[in-house]
Amino acid sequence: MNLFNTIYNWLDERIDLKTLQAKMLNEPMPGGSKYAYAFGSVLVFIFIMQAVTGVLLMFYYAPTADHAWQSTQYILKELDYGWFLLSFHFWGSSAMVVMVVCHMLQVFIWGAYKKPREMVWLAGTILFMIVMGFGFTGYLLPWDQRAFWATTVGVEIMDKAPIVGDFMARFLRGGPTAGALTLSRFFVIHVMILPAALVGMATLHIFFFRKAGPAGPYKAIKKDLEAKMEYFFPRQVYKDIVAMALVFVAIAGLAYFSPVEMLDEASPEPTDYNPEPEWYFLFLFQLLRLPIFSGEFGEFLGAIALPGLFMLLLMALPFINRNPERHPLKRPFAMSAIVILFIGIAVLTWMAILSRSE
Amino acid sequence: MVLKIKSKVRCSDREVGEVSRVIIDPIEKSIREIVVLSDGEERVVPLDGQAVVTDGLVQFGFPSSRLGQFPRLERGNYQQVKEVEIAGLERHLEVFPGEALVPVPTLEKDITRRTFFTNFTNAIGVALALPLVYPVLRYLTFPMYQGFNNNWIKIGKTQSLPEVDKPRQMKFEVKVKEGYLEREFQKSNWVVKLSDTLRDEIYKGKPIEYKDAGGKVYWVNQPDTEVAVFSGKCPHLGCAYKWKENHKRFGRVFWCPCHLSIYDPGGKVLDGPAPRRLDVLPTRINSGGEIEIIDAEFKAGKEFPIRIV
Numbered sequence: 007m008n009l010f011n012t013i014y015n016w017l018d019e020r021i022d023l024k025t026l027q028a029k030m031l032n033e034p035m036p037g038g039s040k041y042a043y044a045f046g047s048v049l050v051f052i053f054i055m056q057a058v059t060g061v062l063l064m065f066y067y068a069p070t071a072d073h074a075w076q077s078t079q080y081i082l083k084e085l086d087y088g089w090f091l092l093s094f095h096f097w098g099s100s101a102m103v104v105m106v107v108c109h110m111l112q113v114f115i116w117g118a119y120k121k122p123r124e125m126v127w128l129a130g131t132i133l134f135m136i137v138m139g140f141g142f143t144g145y146l147l148p149w150d151q152r153a154f155w156a157t158t159v160g161v162e163i164m165d166k167a168p169i170v171g172d173f174m175a176r177f178l179r180g181g182p183t184a185g186a187l188t189l190s191r192f193f194v195i196h197v198m199i200l201p202a203a204l205v206g207m208a209t210l211h212i213f214f215f216r217k218a219g220p221a222g223p224y225k226a227i228k229k230d231l232e233a234k235m236e237y238f239f240p241r242q243v244y245k246d247i248v249a250m251a252l253v254f255v256a257i258a259g260l261a262y263f264s265p266v267e268m269l270d271e272a273s274p275e276p277t278d279y280n281p282e283p284e285w286y287f288l289f290l291f292q293l294l295r296l297p298i299f300s301g302e303f304g305e306f307l308g309a310i311a312l313p314g315l316f317m318l319l320l321m322a323l324p325f326i327n328r329n330p331e332r333h334p335l336k337r338p339f340a341m342s343a344i345v346i347l348f349i350g351i352a353v354l355t356w357m358a359i360l361s362r363s364e
Numbered sequence: 190m191v192l193k194i195k196s197k198v199r200c201s202d203r204e205v206g207e208v209s210r211v212i213i214d215p216i217e218k219s220i221r222e223i224v225v226l227s228d229g230e231e232r233v234v235p236l237d238g239q240a241v242v243t244d245g246l247v248q249f250g251f252p253s254s255r256l257g258q259f260p261r262l263e264r265g266n267y268q269q270v271k272e273v274e275i276a277g278l279e280r281h282l283e284v285f286p287g288e289a290l291v292p293v294p295t296l297e298k299d300i301t302r303r304t305f306f307t308n309f310t311n312a313i314g315v316a317l318a319l320p321l322v323y324p325v326l327r328y329l330t331f332p333m334y335q336g337f338n339n340n341w342i343k344i345g346k347t348q349s350l351p352e353v354d355k356p357r358q359m360k361f362e363v364k365v366k367e368g369y370l371e372r373e374f375q376k377s378n379w380v381v382k383l384s385d386t387l388r389d390e391i392y393k394g395k396p397i398e399y400k401d402a403g404g405k406v407y408w409v410n411q412p413d414t415e416v417a418v419f420s421g422k423c424p425h426l427g428c429a430y431k432w433k434e435n436h437k438r439f440g441r442v443f444w445c446p447c448h449l450s451i452y453d454p455g456g457k458v459l460d461g462p463a464p465r466r467l468d469v470l471p472t473r474i475n476s477g478g479e480i481e482i483i484d485a486e487f488k489a490g491k492e493f494p495i496r497i498v
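Just so you know, the protein sequences line up as chains A and B, in that order.
For what it's worth, the working numbering labels the leading residue of the first sequence as 7, then goes sequentially.
For what it's worth, the working numbering labels the leading residue of the second sequence as 190, then goes sequentially.
Pairwise CB distance ranges (calculated):
#1 H333/A / T301/B: 47 to 57 Å
#2 V50/A / E272/B: 22 to 32 Å
#3 V50/A / P235/B: 33 to 43 Å
#4 Q269/B / A233/A: 17 to 27 Å
No farther apart than 20 Å at their CA atoms in a straight line, the calculated lysine-lysine pairs in the PhoX-like style are these:
#5 K234/A / K218/B
#6 K120/A / K217/A
#7 K218/B / K121/A
#8 K229/A / K218/B
#9 K271/B / K24/A
#10 K40/A / K228/A
For the record, the hints were derived by calculation from the structure and aren't laboratory data.
Idealized CB from N, CA, C, for every residue including glycine.
Using the sequences provided together with the hints, build the complete structure.
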């Protein structure tokens with residue numbers, strides 16, 4: 007018996023490790039493993055990478071208005087491989103958003119949010135908002151012009167919420183306008199509050215998922231489901247790690263070939279920079295330019311009511327859509343709605359990109 | 190269906206043995222087969238329609254001679270349920286391996302004491318958290334609401350604006366104390382020497398009054414002020430707008446790159462989502478022709494300007 011086994015058995019005797027390990031790995035998946043099921047694991051992987059690169063960046067980053075830009079420049083220009091870690095963190099955040107959307111889309115198409123998986127979906131929608139919060143708060147930290155103006159406009163949008171808007175916006179900024187205290191607040195939200203919230207929520211999400219069990223394919227007869235049944239380990243774990251490797255190569259490649267470029271230090275004097283949010287918020291940005299969302303009330307509609315209503319609808323989805331049918335072709339309404347939504351987002355994003363040259 | 194391990198198993202002619210194990214269907218989460226221990230051999234028998242399960246007894250319709258046709262249990266083909274995570278299995282499983290009991294401690298039998306402890310645990314928990322709420326709220330909201338700074342700032346000279354209706358950006362340095370930090374940075378406003386047309390458009394013959402939070406007037410811009418100074422902040426969502434000499438549709442306009450609001454040189458909205466005209470700042474011109482302003486900022490996105498800085 008080698009040393010590893012000795013330690014393993016010693017631990018097993020005390021904490022019942024074998025059962026724990028068996029429970030974690032021996033999760034029967036009706037219909038077997040699939041690459042389509044890899045998104046959740048990939049998200050856990052990206053989050054771990056973001057946490058690791060984030061902690062490394064904090065070794066040198068100074069979250070104060072008079073040093074944030076300089077310390078980020080130092081990471082980018084002087085430190086060995088600082089540019090790579092920062093760029094990996096930057097592209098990792100985009101990858102996170104892309105994977106969250108893929109994950110939700112897969113669950114939507116498979117009809118896997120339906121009973122008994124409502125709680126899994128609910129925790130998932132909250133995780134979606136946390137990921138968006140990460141993107142929004144992290145964007146300010148380099149304290150360059152891009153960061154400053156995206157935050158100025160983003161918080162102004164929050165200000166448009168009825169009753170609590172003014173308070174929320176001031177609370178986030180630590181004052182009436184974006185400045186030094188805003189940076190401190192965004193920093194603590196980005197590196198403490200959101201990670202804690204994400205870890206907690208993700209744990210709940212996985213717990214709910216394990217309690218409800220995997221949904222499996224949307225069309226199959228029982229005999230096939232059992233004939234093709236596999237445990238989570240080893241085939242699904244293998245497929246997950248292949249997907250993680252692909253995502254890793256993609257993020258690392260983007261970081262290598264398209265590293266972060268910073269603009270001038272943040273200032274209320276914008277010089278010739280034209281403010282624009284991160285690409286995944288571009289459609290919202292373009293939405294607010296539309297004539298129907300002009301004026302005080304129009305702005306409220308476009309900036310608060312519409313996105314708020316969308317999030318509510320998203321959370322309520324398994325409670326509104328209670329038909330147990332899971333096959334996408336037998337859910338024409340749900341499928342057309344999602345197609346229209348994505349066409350809308352694509353068109354708005356494209357419009358925003360086109361009008362850059364104006 | 191109540192099925193007990195160790196239940197007796199009977200065939201149509203005689204008792205053959207007992208239930209030694211059950212086999213669960215992982216998808217249906219119910220018992221699919223039972224393992225019958227008979228004459229020292231374990232055989233896997235499906236629990237289909239022909240079996241009648243009563244308390245302590247499984248009755249099959251077939252004679253005992255057919256028992257030998259069922260396959261022997263290959264233990265290696267199965268795993269214990271505790272080694273597998275099948276969601277919701279416990280709730281579906283109707284197998285009683287017999288109850289194993291421990292006595293309830295005597296002190297735990299008194300239900301009123303239990304309620305007492307629960308309530309006091311909650312009460313003490315709340316009592317611990319409550320005194321922190323107000324200080325924490327004050328701590329976090331401390332810098333959010335500040336008074337307004339009504340100092341006059343010199344931003345340039347009227348002589349630098351030779352032509353009417355031709356706006357110029359004027360930059361100025363401000364020193365701001367934000368929490369523990371004192372920072373100096375540049376800001377800018379747009380200044381335009383007014384023609385009579387623009388003057389009428391902005392003032393409509395009436396002076397502009399500026400009120401503080403209490404409603405008291407702290408400054409009045411007279412319509413005969415030579416120039417108008419526009420806050421550099423777009424009243425839509427607070428971006429910094431720019432001057433364009435040759436906009437495709439509107440010609441000489443202020444143009445915000447964010448959401449494409451467009452204003453004429455007098456600050457009137459020509460196009461785009463802005464809810465109000467550009468904000469005119471409190472302005473005076475001293476004897477030396479120097480333009481002085483109060484660097485006020487107004488809340489974006491409202492129909493009427495509400496001062497925030």
